[in-house]
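Chains E and P are the protein sequences, given in the same order.
Everything in the first sequence is counted per this note's numbering, starting at 1 for the first residue and increasing by one.
Everything in the second sequence is counted per this note's numbering, starting at 1001 for the first residue and increasing by one.
Everything labelled a hint here was simulated from the structure, so no lab data went into it.
Fair warning: this is a prediction, and the values are worked out from it, not measured in the lab.
A few of these clues could be false.
To be verified - Below, computed lysine-lysine pairings styled on PhoX-like, alpha-carbon distance capped at 20 angstroms:
hint, chain 1, residue 1, chain 2, residue 2
1, P, Lys1161, E, Lys137
2, P, Lys1161, P, Lys1101
3, E, Lys7, E, Lys84
4, P, Lys1101, P, Lys1156
5, P, Lys1156, E, Lys231
6, P, Lys1150, P, Lys1214
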Amino acid sequence: MTKSVIKIISPGLLSTIQDLGRYGFQHLGIPESGAMDKFALRVGNSLLGNPENRAAIEITGIGPSLIFLENIEIAITGANLSPKINGSAIPQWQNILISKNDHLTFEDAIDGFRSYICIKGGIDCPNVLGSKSTFLKGQFGGIEGRSLKENDIILANADRNNILHSKKLPPEYTNPIYGNHHILRIILGPQNNHFTDNALSTLVESQYKITLESDRVGYRLEGPELEHIDKPDILSDGSPPGAIQIPGNGQPTILMADRGTTGGYAKIGTIISTDISQIAQASPGQIITFQIVNQEEASALRQAQEQIFIDLDNNYPITKSNKQNLLHITDNKSKLSASTKKGLPLTSNTQQPQSSQKLFRTTVTSKKTTYTFDLDVNEIE
Amino acid sequence: MNIEPLITNAGDQAITINFGDTIDTQVSSFVFEISESLRGFQLDGILDIIPSYCSIMIQYDPLVITSSYIHTICKELCSQIKSNYQSKKSRIISIPVLYEKEYASDIEFVSSHTGLSTDEIIKIHTTHIYTIFMIGFTPGFPYMGISPNKLTVPRKTTPSKRILAGSIGLAENQTGIYPIESAGGWQIIGNTPINFFDISLSNPSLFNIGDQVKFEALNNIEEYDSIKKLSKNNKYKPTIKNV
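Extracted from the complex, chain P is given alone in its bound form (with noise of 0.2 angstroms):
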């Protein structure tokens, strides 16, 4: 890795850890493990550890830790992390996805936009095996990447107001799931029927940063009904597969 982190403090609660301004597959393995590092320190005053696409935020409480103390483990951490670094192992967790034009209410603007048909669309979609860069916006919404460039499309102009729950959305060279219902921008193209965020779970989130997934298009509402139906009782355990 050849990269130099920048420590800034943001205000006194708070100090960012940032490495460029690319979205890359390495850089994000890298932030994730310098955050899991941090995070396993488990030091009394920092309060969350936020690992974005190629940076860190650490929030903490000023009465117990001060920034310079912060600043000096990570600077050190960066730099011991970084010579002996390895792209850490992953998993592959498999997401059912019907892609019914009724779940679907942008596949055909991201068809005419992009100049590939649906089935196209879905077979990139379904084949491409995506990164979990961070989790972010609503609790456990997950941003993949990085999508192969002829199924980039922009957000859309007006944002929805309501994108149902389980809507598999495109943005850029991005693809993400909606956890909750909730007003949205994505170019929506399909929608899963398993829940993967639960706040009554003391591990609220099935994804992880660093993971990888792998989409599956489901044959028909029936197949996509079954799930949902054993996902809501925490019956379904999605495929993964470690690598």
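So that you can see chain E by itself, here it is in the shape it has in the complex (with noise of 0.2 angstroms):
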């Protein structure tokens, strides 16, 4: 069952449907898609109590303007566009209950530069190769395979009122600032022995400007030369997410969630997982410098971003008996002023990984073959 909930006015810059991405075809060419924050997406989808792979609207630097068809709960996160209802500033990373003709604008991009628009239950559309998210260069998922555009109507799952409970973040939270200046993580290689000494010490010690030629494709970046040992070109391999891919002209570009599936180019370092949602929010521009971490540390950090899903799911459950918690926009102005606080970022304290040194014996069989491992999780490194 789906309803109709949004008209759109305007879309604004680029505004598509996304998801958590499509998997399992990156050996056909079908690049990973999804939202390019997808920590913001998740963050949205649990707040409203949706499975975490809810498709949403990414939007981009400059906000739509839209009408909802209904009563429905929403969350909005990621960049801060001002979002407005009916020409009131709406607090974001939080539930809001819009009542039907509530008129959503957006207005300056304070901070980021891409936000979401989650909705109880999450936004329908077909599956294309089990997901909803709009791959534009293959023109397919989302809405026929493009960007939003006037008097489109969304739909959403029907799914939303009963069944999913709301949730509130805990009071320590608070939003993110991305800034203008991208400190990013990586980890070296798949092919930093591609690099002289000279260029490795150059990408951790430069900065980097972001420039115009970015989308979701990638970004683009200018700066100090990164030089190759000899030839820029590899044989053709798998692009991981975030890559830092260096062609000829020795100018990086970081391949972000409509990525070409494979590429020729030496990547002399990978952003880690936990970065990716402050690289999207990234805008041209912008600058960029890069520190290297190891496997262990990227994983502390990823365990620590993580943190935040387990306290929404234990937590702060917002039930029909604390419903007053949630804001209600319509009758409730008041409350607008306990809007956003400024500080912290959206983590909590950093909790280590628990490490595990038991060795343990597998069995997996694949084409009638049964092959045996012994694993030694910390075995590498």
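Assembly of the complex is requested from the two constituent chains, each provided in isolation within its own frame, with the hints serving as guidance.
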């Protein structure tokens, strides 16, 4: 069951429908796609009690103008693009009850670049190879494989009223501030051995500027050249999310959600999963610096970022009995003053992942052959 | 097989297994075998497995599976498959191609670069059996090799902004087919009327890595048009021979 929930009045700079991505088809050249800032989308869905993978509207830089066609609960996460309901500012990273005919607009881009309009139940549109994500270049997914336009009607899944329990962030969480200078943590490789020592030190000691040639496929940067030992070309291989590839001109490109599945330039390093959210919020003209971390640090950082989902799940359900915690825009405008606190990033205390030393044996079967493995989870590094 | 895999992390959501840096049908077949075995395991947390000429990229969800677990599995899998590896059976798919000038914008360049006449180019291209080494670039684009040396041509210095769907191109010792209209830098020598990629199917691609391809020259535009019409209605079945 679906119901029409939104009518687009004007689409803004670039608004597309995205879920967490399209997996299992990259070997056929079909890219991952999905939300550029998957963390923001996951938080938005979690607040609404949706499964994390539900589709939302990803908006970019200049937000859309739209009308709600019925009473519904929403949450806007990611960039602060000054969302307003009927002209009054509304908070982000929390649930808001919208009334039929409410008008959502956006004004200045205060901080960040991509924002997610998440809806109770999630947006409904046809699945293409298991995902609702729009892949613009391939012209599939979302609504007719394109960005949203005037008069589009957005549908939502109708399981939104009773089954899905809304949640609230614990008070120690405050909205993230993305800023203009992005420090991105990377793991070297997979082809860092194709670069001179000088290139590796230049990479971490320099500032790179984001050029206008940046989109959902990747960010082209401009800064000190990174020198290959030999030639820039490799035999094409798979492109990981967040890979920093260096073509012949020595200028880095960061590969993002709609990247080609394979590429022929050496990749000096790869942005860790925790920081993909940060780069997804960067816009042309802003500055990037890189910091090298190792696999264990990356893993610990990711675990820490995940704490928010544990806290959302365990501690702060909004049930029918405390539904008054929900901000209701139309009835209760006075609560708006208590909106965004600024300061801390949207994570709680770092928790080191538990290390496990145990060796275990496993068997797996593929094409009628059974393989046995002794696995020591700490074997590598 | 005498190749030691080099397994490296590619960030904290992917690892790469590399088997050297040559285009070689035996290496490619080994790469494919390992990829498909791994795919067959259906391990939780493995999101994508991308085989290419001589490497495999595995994308995973670090919250579900660890890189060290995948490292270990891949290392073992490589050594277990290597010890009793035989090149697997393949199939040859016939692809009809119209090599008429109208659809072969660069055949004159290829001719002047290689010193071959148009007829000789067509003859070599239709006699040689190509292997699909990987699929990438745009959805469904098959990278095929290995062209005989005399048919080796460079990419265009300035890529074309618009290459028709179905265009057959040459680049270095590879040949490929553009599934959708796109920009591209390969030298175009013909066009196939068949639809080999359809996003609405659960298996959208006619081609698989490891398949072999034989190009068959069409005689005229009428043949091309009639196949195109059939293919558009999903009524054209290309000839597939198991070998």
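Now the hints, each set against the structure:
Annotation: proposed proximity of Lys1161(P) to Lys137(E) holds, straight-line Cα distance about 14 angstroms (limit 20 angstroms). For the hint pairing Lys1161(P) with Lys1101(P), the CA-to-CA distance comes to about 19 angstroms; that is within 20 angstroms, so the pair holds. At roughly 16 angstroms between alpha-carbon atoms, Lys7(E) and Lys84(E) fall within 20 angstroms of each other, so this suggested pair holds. Straight-line distance between C-alpha atoms of Lys1101(P) and Lys1156(P) comes to about 18 angstroms, which keeps the hinted pair within the 20 angstroms bound.
Restraint check for Lys1156(P) and Lys231(E): the C-alpha separation of about 19 angstroms stays at or below 20 angstroms, so the hint holds. Of the supplied pair hints, the one linking Lys1150(P) and Lys1214(P) holds, its CA atoms being roughly 18 angstroms apart against a limit of 20 angstroms.
Comparing the model with each numbered hint stated earlier shows that all of them hold.
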